[in-house]
Structures are given as C-alpha cells and as structure tokens.
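Enquirer: Let chain A serve as the given structure and place chain B on it in line with the hints.
Protein chains: 2
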Amino acid sequence: MHRFFIPKNSLIDDTITISGDTARQIIKVLRLKVGENITILDNSGWEYQTTITSIHNDMVLGKVVGKTSGKGEPRIQITLCQALLKTDKFELVLQKGVELGVVRFVPFFSERCVAKMPSANKIERWQEIIKEAAEQSRRSLLPQLAQVIPFEEACEQAPMPSLILWEEEKTRGLRQVLKSKPFMESSEITIFVGPEGGFTLTEIEFARDQGIITLGLGKRILRAETAGLAVISAIMYEKGELGIIDGVG
Amino acid sequence: MHRFFIPKNSLIDDTITISGDTARQIIKVLRLKVGENITILDNSGWEYQTTITSIHNDMVLGKVVGKTSGKGEPRIQITLCQALLKTDKFELVLQKGVELGVVRFVPFFSERCVAKMPSANKIERWQEIIKEAAEQSRRSLLPQLAQVIPFEEACEQAPMPSLILWEEEKTRGLRQVLKSKPFMESSEITIFVGPEGGFTLTEIEFARDQGIITLGLGKRILRAETAGLAVISAIMYEKGELGIIDGVG
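If you read the sequences in order, they're chains A and B.
Each step along the first sequence adds one to the number in the working numbering, with nothing skipped, and position 205 is 205.
One gets the working numbering by counting positions in the second sequence from 1 and adding 1000 to each.
Treat the hints as calculated values from the structure; they're not laboratory data.
Do not take every clue at face value.
Every beta carbon over 10 Å from chain A, so not counted as near; a handful from chain B, in silico [unchecked claim]:
| id | residue |
| --- | --- |
| 1 | VAL1034 |
| 2 | ASN1057 |
| 3 | VAL1106 |
| 4 | GLU1238 |
Only part of the chain A face toward chain B is listed, based on derived beta-carbon distances under 7 Å [said to hold, decoys possible]:
| id | residue |
| --- | --- |
| 5 | GLY70 |
| 6 | LYS71 |
| 7 | GLY72 |
| 8 | GLY101 |
| 9 | GLY173 |
| 10 | LEU174 |
| 11 | ARG175 |
| 12 | LYS219 |
| 13 | ARG220 |
| 14 | LEU222 |
| 15 | ALA224 |
| 16 | ALA230 |
| 17 | SER233 |
| 18 | TYR237 |
| 19 | LEU242 |
| 20 | GLY243 |
Simulated crosslink set (DSS-like; lysine-lysine; CA at most 30 Å straight-line) [what the hints assert, rightly or not]:
| id | chain 1 | residue 1 | chain 2 | residue 2 |
| --- | --- | --- | --- | --- |
| 21 | A | LYS28 | B | LYS1116 |
| 22 | B | LYS1122 | A | LYS89 |
| 23 | A | LYS179 | B | LYS1122 |
Since the model is a prediction, treat every value here as computed from it, not as a measurement.
Where a beta carbon is used, it is the ideal one built from N, C-alpha and C, also for glycine.
Same shape as in the complex, but just chain A (with noise of 0.2 Å):
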C-alpha cells in the first residue's frame, strides 16, 4: 500500500486533508480513486490506514478506518555526520541512508570539502529525498535533517559513543569498535564521514580530544558515499537489525 507522510496538522478527528505535493503524487502521478487505500504517517510513529473518500482539484480528503503501531523504526538509532559531498553523491548518501536505518543527518563542512554550501532550494529537495526514501523504505518516523554546522561544532554536540571514518587508522577496525563495551550497550551510535579528500590531521585530532574514536575500514578504499553506507549496513547487521521481522535474524 502507499505510503504517505503527512503534517500532524493534517489529520482531525479521522479525517485526513492532503495537499500540496504529496496530493499531486496521489492524483497526477499514482492516479489514485476515491475508495482506494492508503497509509497515513503522521510522524507520531503511528501508521494510519486510511481509505480516499474525495479528491477535488489538489486536494485529497481520507478517512481513517485502522491505526497500528509502526514497526519500520530501528531499535538502535544512528546519527549519520556526513560531510557536504557532491550534489549527487549526497544525495545517494541520504537516500541510502535512510533506507539503512539512519534517524538523523548532520551535514558538516570541513576543511577539504570542495561542494558548495547548499541553498534552501537544495536543503527542499534533501528534505523531499529523505521524505521519499522514507516512505518507499516503509520507515514510520521520517528521519531529521540537521543544518549544515561546521565540522568542529558536528564534533562537539555529537552523542557518544561516536566513531569517525579515517583511511589512516591502521589498527581499529569496526568488529573492534562495535564488540566493545560502550558500542554494546549503547541504543544509539554517531558515525562522521568526511568529503571526498578525507579528514586533515587537525580535524582528526579534534575528533579525538572529544571522545570520538577513529577507525579504519581496510585495505580497500571506499569513496566517501560508499564507506558510511557500509558502516551502516554493518552496524545493522551486528545489532540483528539487516534481518527477520522481530530482528532477531
């Protein structure tokens, strides 16, 4: 069934009212009819099951007939701290990302970043990226985009335990990392991905003076949009999360 996030304000009582893009999606693209079903997301982690009762001009009007709880949120909440990349590499990394699992995005600027600061249309579309990840992936809270900080502040606010990606780090590697204590029973881990040409010495020492733990990936060099999705996918996988329905797999 399609999926829909839609502003809390939106939903009254058991009606729902959908505007804007999301009702052009259902009328002009998905060619949706009065009497066909749909799921509704709030954002409340509720998932409401809802069935089209009109469609006039660009507007879609719904009735809610079943709520369930979402299951599409992971158990262990990850923060992706991602460099600015090229436009379509950033873009893959969100997409990806949120597919993953990812809960939140701060985008950073560092030292060797070479993509330019990204305008407000450019952050729109990000945020329509994750939206449309999100909902395709079948998430049932839509994850957060953060605004664009400077990489020492990225360092400074990040929740602990946090791990930064370091082709230079030869002696850490990731089943390392996440066998050990603080990554064990932490429910939520931050990862920093730097830009194309990597992280300076000075950056990595910063890093470092604020607890976060540098880690290396192996002999194979991954692009910069490659290696967080593989962390991510690793991190899934060790928490039973890349699995079966009860996560158990």
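Expert: Using the frame of chain A, we list chain B on its own:
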C-alpha cells in the same frame, strides 16, 4: 599513487607500454610527466611500481622499478548475481560492488525485469566502470563481468553456498545464515538480487530447488540497488574484511 590495469601483453621484461584510453587518461586528464611514478596492475595479482620514461603522442612508456604482491583482494570470494536494473542503478551496483570487494558479477534477466538487454556499447561501459572502481579502490585483480544470462541459468551455474534475497522470507535472516556451517566454512558466497519488482514465486521455487537459500532483510524495504550492497557490506564485516589491514578488525 595512481593505479592502472593494463593488458598482460603490455608488460615485456621491465618495460611497460600503455596505449588507448589509459594512455589518454595519463597524458590528458592526469597530465602526468616523464619521471613520475605510477602503479601498474596486469591482473596477475602483482603490482608494479613504474616510472614513466617517455610520452609520445598517445603512448606512454614506463620502466618497472619494483614489484610487490597485491593486497587489495578479500579472502572471501563474493559473486553477485544481479538482475538487470535501470542503467544508473546497475552502474551504481557495479561501482560500489567493486569497492566493497565483489570478485564476479553475473547480470541476469528475469520475469519482472523492466531494463532492456544491454548493447555492446553498454557492456563496454560496464567494463570501464569496473576497471575504474578497481583502480580507485586499490583492488589487485579486476573483478569479472559475466555475460547476461537468464535467471534460471544463473541459478544452475551458481557456486554454493548461495543466497537469494526475497522480501517475503520472514523467518530466515542474514545473521542466521552467515553463522551457519556452510557459510562459516566456505571461502566463496553467491548472492542473487532481483530487479526493481522482485522475484516471482515460481522463480523463488526454482532457486530453492537448486539449493539456493532464501533470505529476508527485515522490516525496512531496501531498493534493488541497495539490497546487494547492504548484504555484501555485512558479509565483509562478518568475515573480518571491513576492518584493519590484516583483516582482524
């Protein structure tokens, strides 16, 4: 140092002759000069440290000054049998698969494939994507690209143990499979990933009849181009290949 795969017959004694696209890349794109060093790979597993000795028109000559055993190959040999996908998605799978360590790609077509059969030009482009990703990610051997075959043939040919990703598999997850004896003991794994619309039940049954194990990836729905990469990341992690240089991490 820049890395280039060249045909085996381009190396005679300690002299390397580079022509074609690779020469153009050295001369026009990277603008390397006589006296600069590059790493040459002839797909034998050796890496040749090479000094550029002359540049004539579209040809580069080099002299081998050192030879080391390549370290870019994983101990686990992953074959990715991937259904044809829309062009940009399929190319993403090839590029990221090479970075993550896939040794062989087998493209197949199945009932729900909407992507067209690739032209000769397209296949040449795929080879180029694989080569560039292998150079960039520091692989020591060039991953293979098999011919496009029907799904059933890919199943029949697949080395065991072999996995097929299926969103309707609700009881068997990745951890359970990777911790099972055949997968723990094997140095190769085959993974089947379907097209955008997934596999038909008939296809799944056919695969099962060949001994291929169905596998679910849990409550979040991954796109076709994401699913394989997530599983490969998890396998590399489980096998200690997403870690430090010696593979322990």
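Enquirer: Does each hint hold? Answer for all of them.
Expert: Hint by hint, here is what the structure shows:
Every CB of chain A is more than 10 Å from the CB of VAL1034(B) (nearest about 27 Å), matching its label as outside the interface. For ASN1057(B), the non-interface assignment is confirmed: its Cβ lies about 32 Å from the closest Cβ of chain A, beyond the 10 Å cut-off. With a minimum CB-CB distance of about 21 Å to chain A, VAL1106(B) clears the 10 Å threshold, and the non-interface call stands. Not every CB of chain A lies more than 10 Å from the CB of GLU1238(B), the least distance being 7 Å, so the non-interface label is violated.
A distance limit of 7 Å between C-beta atoms decides the matter here; for GLY70(A) the minimum to chain B is near 10 Å, and the interface restraint is violated. Proximity of LYS71(A) to chain B holds as hinted, the smallest CB-CB distance being about 5 Å (cut-off 7 Å). The interface hint given for GLY72(A) is met, as the beta carbon of that residue sits about 6 Å from the closest beta carbon of chain B, less than 7 Å. For GLY101(A), the interface hint holds, the least distance from its beta-carbon to any beta-carbon of chain B being 6 Å, beneath 7 Å.
Nearest Cβ of chain B to the Cβ of GLY173(A): about 2 Å, under the 7 Å cut. The hint holds. Nearest Cβ of chain B to the Cβ of LEU174(A): about 5 Å, under the 7 Å cut. The hint holds. This hint holds: ARG175(A) has a C-beta 5 Å from the nearest C-beta of chain B, less than the 7 Å allowed. Look at LYS219(A): its Cβ gets to within about 5 Å of chain B, closer than 7 Å, so that hint holds up.
For the restraint placing ARG220(A) at the interface with chain B, the shortest Cβ-Cβ distance is roughly 5 Å, inside the 7 Å limit, so the hint holds. Taken as an interface hint, LEU222(A) checks out: its beta carbon lies about 5 Å from the nearest beta carbon of chain B, inside 7 Å. Taking 7 Å as the C-beta contact cut-off toward chain B, the hint placing ALA224(A) at the interface is violated, the least distance being around 11 Å. Hint on ALA230(A) holds. Least Cβ distance to chain B is approximately 4 Å, under the 7 Å limit.
Hint status for SER233(A) relative to chain B: holds, with the closest Cβ pair at about 4 Å, below 7 Å. Hint on TYR237(A) holds. Least Cβ distance to chain B is approximately 4 Å, under the 7 Å limit. Satisfaction of the interface hint for LEU242(A) is found here, the shortest Cβ-Cβ separation to chain B being roughly 5 Å, below the 7 Å cut-off. For the restraint placing GLY243(A) at the interface with chain B, the shortest Cβ-Cβ distance is roughly 3 Å, inside the 7 Å limit, so the hint holds.
Between LYS28(A) and LYS1116(B), the direct Cα distance comes to roughly 27 Å. Compliance with the 30 Å bound is thereby established for this hinted pair. A C-alpha spacing of about 22 Å is found between LYS1122(B) and LYS89(A), which places the hinted pair at or below 30 Å, so the restraint holds. Straight-line distance between C-alpha atoms of LYS179(A) and LYS1122(B) comes to about 43 Å, which puts the hinted pair past the 30 Å bound.
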